[in-house]
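Trainee: Everything in the sequence shown is counted per UniProt numbering, starting at 1 for the first residue and increasing by one.
Simulated from the structure, these hints should not be mistaken for lab results.
Take the hints with a grain of salt, since some may be wrong.
With beta-carbon atoms standing in for the labels, derived distance ranges [said to hold, decoys possible]:
| # | residue 1 | residue 2 | range |
| --- | --- | --- | --- |
| 1 | K270 | A30 | 36 to 44 angstroms |
| 2 | T146 | T208 | 25 to 33 angstroms |
| 3 | S31 | G207 | 30 to 38 angstroms |
| 4 | D164 | N50 | 20 to 28 angstroms |
| 5 | T51 | V126 | 23 to 31 angstroms |
| 6 | S203 | V244 | 38 to 46 angstroms |
| 7 | V177 | N219 | 44 to 52 angstroms |
| 8 | K224 | A247 | 51 to 59 angstroms |
| 9 | D220 | V244 | 49 to 57 angstroms |
Backbone N, C-alpha and C define an ideal beta-carbon position, used for all residues, glycine too.
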Amino acid sequence: MQQTDAPRLHLAAVNLDSAGQIHWILSNPASFNGNAAEYDWVLDKGDIINTGGELVLLLTQENGGTRLSSTRYIHYGTITARLKTGRWGGVVTAFITMSDIKDEIDWEFPGAAITEGQTNYFWQGVIPEGPNNGQTTKNLQDTYDTYHDYTFDWRPETLTFLVDGKAVRTVNKSDTVDASGVARYPSTPSRIQISLWPGGISSYASGTIRWAGGLIDWNDPDYKSAGHFTAKIQSVTVKCADPVAPAPNVTSYIYNSNSTKEPTVSFSSKSTLLNGACPVPE
Numbered sequence: 001m002q003q004t005d006a007p008r009l010h011l012a013a014v015n016l017d018s019a020g021q022i023h024w025i026l027s028n029p030a031s032f033n034g035n036a037a038e039y040d041w042v043l044d045k046g047d048i049i050n051t052g053g054e055l056v057l058l059l060t061q062e063n064g065g066t067r068l069s070s071t072r073y074i075h076y077g078t079i080t081a082r083l084k085t086g087r088w089g090g091v092v093t094a095f096i097t098m099s100d101i102k103d104e105i106d107w108e109f110p111g112a113a114i115t116e117g118q119t120n121y122f123w124q125g126v127i128p129e130g131p132n133n134g135q136t137t138k139n140l141q142d143t144y145d146t147y148h149d150y151t152f153d154w155r156p157e158t159l160t161f162l163v164d165g166k167a168v169r170t171v172n173k174s175d176t177v178d179a180s181g182v183a184r185y186p187s188t189p190s191r192i193q194i195s196l197w198p199g200g201i202s203s204y205a206s207g208t209i210r211w212a213g214g215l216i217d218w219n220d221p222d223y224k225s226a227g228h229f230t231a232k233i234q235s236v237t238v239k240c241a242d243p244v245a246p247a248p249n250v251t252s253y254i255y256n257s258n259s260t261k262e263p264t265v266s267f268s269s270k271s272t273l274l275n276g277a278c279p280v281p282e
């Protein structure tokens with residue numbers, strides 16, 4: 001059985017005090033004990049800095065990219081990230097949801113294509129085929145220089161992608177049903193992840209490198225000047241929309257992760273703390 005924390009929150013990506021210090025992001029993922037009340041985010045890998053109220057994700061040749069993951073899970077709702085993307089061939093900015101059985105929803109921005117974004121979703125790690133495959137939203141104002149609100153409106157029967165509040169794509173669950181009657185539609189509690197990662201390095205498959213915009217130029221003037229590539233986050237907001245409202249004592253979701261069909265997700269009051277985990281520092 002899969003047990004995950006049940007969120008009931010509005011989640012801020014950057015919590016800053018008057019001195020501009022970042023709070024509620026755990027930089028040592030090994031010390032996270034499953035207590036989502038202590039931290040909003042875990043820095044899975046890489047490096048972040050705060051500059052003028054922006055949370056900056058860094059990509060260097062040494063760190064292999066940066067990824068933040070929310071400590072809480074969401075089971076349907078509206079999730080919006082206000083982002084500025086990268087602008088370099090081979091460098092990918094991603095805002096996604098990911099469940100423990102690889103249900104996934106994506107906004108991705110590969111390479112130097114700063115006037116477009118790509119939307120996609122996966123069902124238990126399976127890429128959809130035909131008209132439900134990935135789509136590209138074009139004619140965006142410069143995504144590197146301009147903050148945009150990128151949104152998933154994820155509901156039990158529909159998934160809508162939005163930019164600055166305008167719907168650009170809707171997927172109906174009914175359109176994802178395969179020949180065996182299974183809806184290949186993301187339906188399990190998921191964490192929010194935001195990352196800047198190197199799709200254009202030789203260890204990736206040639207198709208991934210092409211999709212990312214080619215091999216990364218580590219001699220790019222921006223990289224040589226700053227010592228890193230960047231993506232920036234101004235905020236992340238979450239409005240949960242569980243099909244059934246959880247009781248006050250609910251602490252987690254639980255479901256059968258071995259199902260080949262749509263898992264049945266239910267609420268639980270069991271603890272999400274990891275046995276033997278290091279205590280979260282005060």
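Trainee: Work down the list of hints and note, for each, if the structure agrees.
Mentor: Each hint tested on the structure:
In this structure the hint that K270 and A30 lie 36 to 44 angstroms apart at CB is violated, the actual value being about 23 angstroms. A hinted range of 25 to 33 angstroms holds for the C-beta pair T146 and T208, which are about 27 angstroms apart. Judged by the Cβ atoms, the range 30 to 38 angstroms given for S31 and G207 holds: they are separated by roughly 37 angstroms. Distance hint check for D164 and N50: the Cβ-Cβ separation is about 24 angstroms, which falls inside the suggested range of 20 to 28 angstroms.
The hinted window of 23 to 31 angstroms between T51 and V126 is violated, with their beta carbons roughly 39 angstroms apart. Taken as a hint, the range 38 to 46 angstroms holds for the pair S203 and V244, whose Cβ atoms sit roughly 44 angstroms apart. Between V177 and N219, the C-beta spacing of about 49 angstroms keeps the proposed range 44 to 52 angstroms intact. Taken as a hint, the range 51 to 59 angstroms holds for the pair K224 and A247, whose Cβ atoms sit roughly 56 angstroms apart.
Under the hint 49 to 57 angstroms, the C-beta atoms of D220 and V244, about 50 angstroms apart, fit the expected range.
Checked against the numbered hints given earlier, this structure breaks hints 1 and 5; the rest are met.
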